[in-house]
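Asks: So the chains spell out like this:
Number of protein chains: 2
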Amino acid sequence: MAGEMSPDEFREFGRAAVDFIADYIENIRERPVLPAVEPGYLLPLLPTECPQDPEPWQDVMKDLQKHIMPGVTHWQSPSFHAYFPTANSFPGVVGEMLSAGLGVIGFSWITSPACTELEVIVTDWLGKMLALPEEFLHCGAGAGGGIIQGSASEATLVGMLAARDRTVRKVREEDPKLSDGEIRSKLVAYTSDQANSSVWKSGLLGAIPMRQLPTDAEGALRGDVLEAAIRSDRQKGLIPCFVVATLGTTGTCAFDNLEELGPVCNREGLWLHIDAAYAGSAYVCPELRQTMAGVEFADSFDMNPHKWMLVNFDCSVMWVKNSADLENAFNVDAVYLKHDKQGVMPDYRHWQLPLGRRFRALKLWLVLRTYGARGIQAHIRKQVKLAQDFEQLVDQDPRFEVAVRARCGLVCFRMVGPCARTQEVLRRVTARRSLYMCPAVVRGRAVLRFVVCSRLTEAEDVRRSWEEIVSQAEAVLQAEQALAPAPATATVAATVAVSCDPDRAKTNSVLHMLGATAADGQHTV
Amino acid sequence: MAGEMSPDEFREFGRAAVDFIADYIENIRERPVLPAVEPGYLLPLLPTECPQDPEPWQDVMKDLQKHIMPGVTHWQSPSFHAYFPTANSFPGVVGEMLSAGLGVIGFSWITSPACTELEVIVTDWLGKMLALPEEFLHCGAGAGGGIIQGSASEATLVGMLAARDRTVRKVREEDPKLSDGEIRSKLVAYTSDQANSSVWKSGLLGAIPMRQLPTDAEGALRGDVLEAAIRSDRQKGLIPCFVVATLGTTGTCAFDNLEELGPVCNREGLWLHIDAAYAGSAYVCPELRQTMAGVEFADSFDMNPHKWMLVNFDCSVMWVKNSADLENAFNVDAVYLKHDKQGVMPDYRHWQLPLGRRFRALKLWLVLRTYGARGIQAHIRKQVKLAQDFEQLVDQDPRFEVAVRARCGLVCFRMVGPCARTQEVLRRVTARRSLYMCPAVVRGRAVLRFVVCSRLTEAEDVRRSWEEIVSQAEAVLQAEQALAPAPATATVAATVAVSCDPDRAKTNSVLHMLGATAADGQHTV
Numbered sequence: 001m002a003g004e005m006s007p008d009e010f011r012e013f014g015r016a017a018v019d020f021i022a023d024y025i026e027n028i029r030e031r032p033v034l035p036a037v038e039p040g041y042l043l044p045l046l047p048t049e050c051p052q053d054p055e056p057w058q059d060v061m062k063d064l065q066k067h068i069m070p071g072v073t074h075w076q077s078p079s080f081h082a083y084f085p086t087a088n089s090f091p092g093v094v095g096e097m098l099s100a101g102l103g104v105i106g107f108s109w110i111t112s113p114a115c116t117e118l119e120v121i122v123t124d125w126l127g128k129m130l131a132l133p134e135e136f137l138h139c140g141a142g143a144g145g146g147i148i149q150g151s152a153s154e155a156t157l158v159g160m161l162a163a164r165d166r167t168v169r170k171v172r173e174e175d176p177k178l179s180d181g182e183i184r185s186k187l188v189a190y191t192s193d194q195a196n197s198s199v200w201k202s203g204l205l206g207a208i209p210m211r212q213l214p215t216d217a218e219g220a221l222r223g224d225v226l227e228a229a230i231r232s233d234r235q236k237g238l239i240p241c242f243v244v245a246t247l248g249t250t251g252t253c254a255f256d257n258l259e260e261l262g263p264v265c266n267r268e269g270l271w272l273h274i275d276a277a278y279a280g281s282a283y284v285c286p287e288l289r290q291t292m293a294g295v296e297f298a299d300s301f302d303m304n305p306h307k308w309m310l311v312n313f314d315c316s317v318m319w320v321k322n323s324a325d326l327e328n329a330f331n332v333d334a335v336y337l338k339h340d341k342q343g344v345m346p347d348y349r350h351w352q353l354p355l356g357r358r359f360r361a362l363k364l365w366l367v368l369r370t371y372g373a374r375g376i377q378a379h380i381r382k383q384v385k386l387a388q389d390f391e392q393l394v395d396q397d398p399r400f401e402v403a404v405r406a407r408c409g410l411v412c413f414r415m416v417g418p419c420a421r422t423q424e425v426l427r428r429v430t431a432r433r434s435l436y437m438c439p440a441v442v443r444g445r446a447v448l449r450f451v452v453c454s455r456l457t458e459a460e461d462v463r464r465s466w467e468e469i470v471s472q473a474e475a476v477l478q479a480e481q482a483l484a485p486a487p488a489t490a491t492v493a494a495t496v497a498v499s500c501d502p503d504r505a506k507t508n509s510v511l512h513m514l515g516a517t518a519a520d521g522q523h524t525v
Numbered sequence: 001m002a003g004e005m006s007p008d009e010f011r012e013f014g015r016a017a018v019d020f021i022a023d024y025i026e027n028i029r030e031r032p033v034l035p036a037v038e039p040g041y042l043l044p045l046l047p048t049e050c051p052q053d054p055e056p057w058q059d060v061m062k063d064l065q066k067h068i069m070p071g072v073t074h075w076q077s078p079s080f081h082a083y084f085p086t087a088n089s090f091p092g093v094v095g096e097m098l099s100a101g102l103g104v105i106g107f108s109w110i111t112s113p114a115c116t117e118l119e120v121i122v123t124d125w126l127g128k129m130l131a132l133p134e135e136f137l138h139c140g141a142g143a144g145g146g147i148i149q150g151s152a153s154e155a156t157l158v159g160m161l162a163a164r165d166r167t168v169r170k171v172r173e174e175d176p177k178l179s180d181g182e183i184r185s186k187l188v189a190y191t192s193d194q195a196n197s198s199v200w201k202s203g204l205l206g207a208i209p210m211r212q213l214p215t216d217a218e219g220a221l222r223g224d225v226l227e228a229a230i231r232s233d234r235q236k237g238l239i240p241c242f243v244v245a246t247l248g249t250t251g252t253c254a255f256d257n258l259e260e261l262g263p264v265c266n267r268e269g270l271w272l273h274i275d276a277a278y279a280g281s282a283y284v285c286p287e288l289r290q291t292m293a294g295v296e297f298a299d300s301f302d303m304n305p306h307k308w309m310l311v312n313f314d315c316s317v318m319w320v321k322n323s324a325d326l327e328n329a330f331n332v333d334a335v336y337l338k339h340d341k342q343g344v345m346p347d348y349r350h351w352q353l354p355l356g357r358r359f360r361a362l363k364l365w366l367v368l369r370t371y372g373a374r375g376i377q378a379h380i381r382k383q384v385k386l387a388q389d390f391e392q393l394v395d396q397d398p399r400f401e402v403a404v405r406a407r408c409g410l411v412c413f414r415m416v417g418p419c420a421r422t423q424e425v426l427r428r429v430t431a432r433r434s435l436y437m438c439p440a441v442v443r444g445r446a447v448l449r450f451v452v453c454s455r456l457t458e459a460e461d462v463r464r465s466w467e468e469i470v471s472q473a474e475a476v477l478q479a480e481q482a483l484a485p486a487p488a489t490a491t492v493a494a495t496v497a498v499s500c501d502p503d504r505a506k507t508n509s510v511l512h513m514l515g516a517t518a519a520d521g522q523h524t525v
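Residue numbers (the UniProt record's numbering), protein chains in the order written: chain A, 1 to 525; chain B, 1 to 525.
Wrong hints could be hidden among the right ones.
[Unchecked claim] The list that follows gives simulated cross-link-like pairs (lysine to aspartate or glutamate, EDC-like), each with its CA atoms no further than 16 Å apart: (1) 128/B <-> 49/A; (2) 186/A <-> 180/B; (3) 62/A <-> 19/A; (4) 128/A <-> 49/B; (5) 382/B <-> 260/B; (6) 62/A <-> 23/A; (7) 186/B <-> 180/A; (8) 385/A <-> 397/A; (9) 385/A <-> 468/A; (10) 186/A <-> 182/B; (11) 382/B <-> 287/B; (12) 177/B <-> 193/B; (13) 186/B <-> 19/A; (14) 385/B <-> 460/B; (15) 186/A <-> 233/A; (16) 385/A <-> 461/A; (17) 236/B <-> 287/B; (18) 382/A <-> 4/B; (19) 186/B <-> 175/B; (20) 382/B <-> 4/A; (21) 186/B <-> 260/B.
[Stated by the list, open to error] Covered stretches of chain B (in silico footprint by chain A; criterion: 3 or more residues with CB under 8 Å from a CB of chain A, positions within the stretch not fixed): (22) 213-226; (23) 232-246; (24) 263-276; (25) 419-429; (26) 444-450; (27) 463-473.
Quick caveat, the hints were computed from the structure, so don't treat them as lab data. Don't be surprised by glycine CBs; every beta carbon is placed ideally from N, CA and C.
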């Protein structure tokens, strides 16, 4: 058939693609981390219509090199220090390839038994590696277990909709006169003002007000704050139903206090979901587990191996204590199946939003086996150490200050003095494209987030990034002196008054100055 | 670092995986389409904990062959005729591999300009190939455009939540005394009783009653039925807001009448979403476009290149006429950005549910270029022809009857006589594992759905599948005669009374008989 590629052509094409990826990773240090293109750059370079006739794959690979690669931001570059890591590893890539090659859709057991069963096995492996309570495991006595979702966003939404369903049923039982619509219109949910934008978005999507509660000086949500908010809402006749606690916030990698929040949620009957998207991977190391104390109070827990655990995006693992809560909320045949005995294996389509699902367990399995638990721990420990190295470099330079001490792979730092100075360093560094960081605002002051992201990052890379930051800082200081022979403080203070204004900061002004669109990873503390 | 694979090891591993996939596809005819395993088969075969130390990739590949492959259902087998196709092609696999290798997350333009821009370009290419009105294209004058979603489920939910947001704002403007919660509790949505379970599920997720309106004898939703339902709901004080029309239903590939539904939706101010997940691919062929007449009335249109257009799952392309509807509904900074000028390039994270997104445009681009528009058309025409071939085989055998004439790649057929006979054929065929079909109920009678799924299916494969069906049908007839020397009709009639009962049919009784879990693709007409 026209355009049909033979298996032998695929062997050739596939090998070329494998070499392309190996070369890309091997030589990634040679590329500036950010591309030098303007919005719309690609439109004039590619045709406006699909070709009528088949084109050789070699031509497409040439265009990939010539037109696509110049517009790629290199997330795997050792100088990528923005947002949080997006995992990439060779076994992860092969896992994705094998999953695509088999092309199965595992929405129920029969549609590919191995797809469901390997997911049951590897989510149990991972749950044990993270020291999750047995209630969250398939092999535990109850109805708990793990599932691979596409993203932490989806996991939060799944938790919220299950919580909504559970609460509506409970309230309806207590007061049969209330309609479901009336009950739903009174629901409220809680998270902290440090939660990821996806948590706020889940409130939008689920049409449940998501209160962004204030955090303490460390960026953590505390039990008394939650308790007061619940009390106040109950007095207004509202129905509190869902709490998202974050372990490792996007802004400063802060940890909400589960030992305080958990008992409040359990006592008040609220569903507690833990978003440990980034920092959850740290719990493979026993010495890093102090921040997860209180996890036993949660109804659901989510972390992303596709962030900090070497499994290619997408792979967000969510564990629940009671899978019946999900099945009740998401099963269109719920009434029927309620009378059926739960099978030996979960029917994962009732644990998630979409119907279709790829064989994602393959890549998690490949990564876990080829690294082994010790290899994963070594990766985490190495990146924690690199963040501490960077922190030390900042500490040693009196022109800089650490705003938030290293937590996992993140250090928040700034230049001593007005915020505009720090912002100008970021503007310059970004314009030079050899280093990519995101800004944040901590206690009203502009800071830069330096995250150790790529698995390729070595101590020399961290040092080189630091040297680039220092060289631009020196340029900023020189420019300040050149511009303002009179004492600089007055001029700068005016700028600061604008740029450190919390409201403006919330609109991601720094990144907008950089010509970028608003970005996740922009948070104020 | 422990377990870290070198680029050269990856070249070796990657090549082995490419060969694995090429061999798998090349020899797929040798495998029975269904696996011979029982639920829980994998648990005793794999360890209960992740290995502590790294294991060689060769060991994992051995286990893949030994333990995983026996539990795989072969969706790409030429004898897979269940559900609808899940696409798989060599360029699609390479596209997925390259996307994994680059490991970028394109949630905003700056996070990888090429990721956003190639998606803009290829969704325009595809929109033109399908002859969508210019209003749906990025290159059109308005605010329309396409986006790659993960699944049709997500696209439906995105459409519904945007419709909800648009309706709530409109009603609030007209009657500022109503709260958002009050308005939301009055919303209703409509689809047909033939819609995919994911459409019903979106009603559950969005907490909007999704009315399943009756269809005509052809399985199509008609304008007068919708109009009457809207009128009735308005009389009850409810607020109709969203309609999902299906082009190519899961049960019988029926097409809702857009030329009737569209004007009703436009006049009544309802958002019209078109779910053309499967059949949408047919519109690359001009001679197959009659069923899309009226598409110009829609607000959003979704089809899955990952079903019938050779792009590996996941790749569901959704086009909207007004992207501002999505941005208003999904942008957590909506209030702020409303005052901002829309950029040259879309910020796709506001067009979808999750924040993160893979570089999925690569695989769509690779498939479109290496097949060319003519190659895609040839693929569709070939599979349409194969379905007609099968229909002819059924027609030629007096023991069988065609229940629904071939539509796209689907034929619904049955054995003449009682439903139990058809169901028993399916049970036997499935137990022999060489052929996989799903049951459905058409006008109260059990039928079998025969779908041409794999791109590898040839005329000989269709003939071989038919011979297997005939041989099992003959066995069933022989067994009937052996069991019932008295006229068989009375005995069988009793069975029919049970198994053809529409309520029971709705609970997927046939598939349950097969020991499978409830499956999508189970519909009653």
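Asks: Each of the hints needs a verdict: does it hold here or not?
Replies: Against the structure, the hints:
{"no.": "1", "hint": "128/B <-> 49/A", "result": "8 Å, holds"}
{"no.": "2", "hint": "186/A <-> 180/B", "result": "11 Å, holds"}
{"no.": "3", "hint": "62/A <-> 19/A", "result": "14 Å, holds"}
{"no.": "4", "hint": "128/A <-> 49/B", "result": "8 Å, holds"}
{"no.": "5", "hint": "382/B <-> 260/B", "result": "31 Å, violated"}
{"no.": "6", "hint": "62/A <-> 23/A", "result": "15 Å, holds"}
{"no.": "7", "hint": "186/B <-> 180/A", "result": "11 Å, holds"}
{"no.": "8", "hint": "385/A <-> 397/A", "result": "19 Å, violated"}
{"no.": "9", "hint": "385/A <-> 468/A", "result": "20 Å, violated"}
{"no.": "10", "hint": "186/A <-> 182/B", "result": "10 Å, holds"}
{"no.": "11", "hint": "382/B <-> 287/B", "result": "14 Å, holds"}
{"no.": "12", "hint": "177/B <-> 193/B", "result": "36 Å, violated"}
{"no.": "13", "hint": "186/B <-> 19/A", "result": "57 Å, violated"}
{"no.": "14", "hint": "385/B <-> 460/B", "result": "13 Å, holds"}
{"no.": "15", "hint": "186/A <-> 233/A", "result": "9 Å, holds"}
{"no.": "16", "hint": "385/A <-> 461/A", "result": "13 Å, holds"}
{"no.": "17", "hint": "236/B <-> 287/B", "result": "44 Å, violated"}
{"no.": "18", "hint": "382/A <-> 4/B", "result": "12 Å, holds"}
{"no.": "19", "hint": "186/B <-> 175/B", "result": "14 Å, holds"}
{"no.": "20", "hint": "382/B <-> 4/A", "result": "12 Å, holds"}
{"no.": "21", "hint": "186/B <-> 260/B", "result": "25 Å, violated"}
{"no.": "22", "hint": "213-226", "result": "violated (count 0)"}
{"no.": "23", "hint": "232-246", "result": "violated (count 0)"}
{"no.": "24", "hint": "263-276", "result": "violated (count 0)"}
{"no.": "25", "hint": "419-429", "result": "violated (count 0)"}
{"no.": "26", "hint": "444-450", "result": "violated (count 0)"}
{"no.": "27", "hint": "463-473", "result": "violated (count 0)"}
The earlier numbered hints that this structure contradicts are 5, 8, 9, 12, 13, 17, 21, 22, 23, 24, 25, 26, 27.
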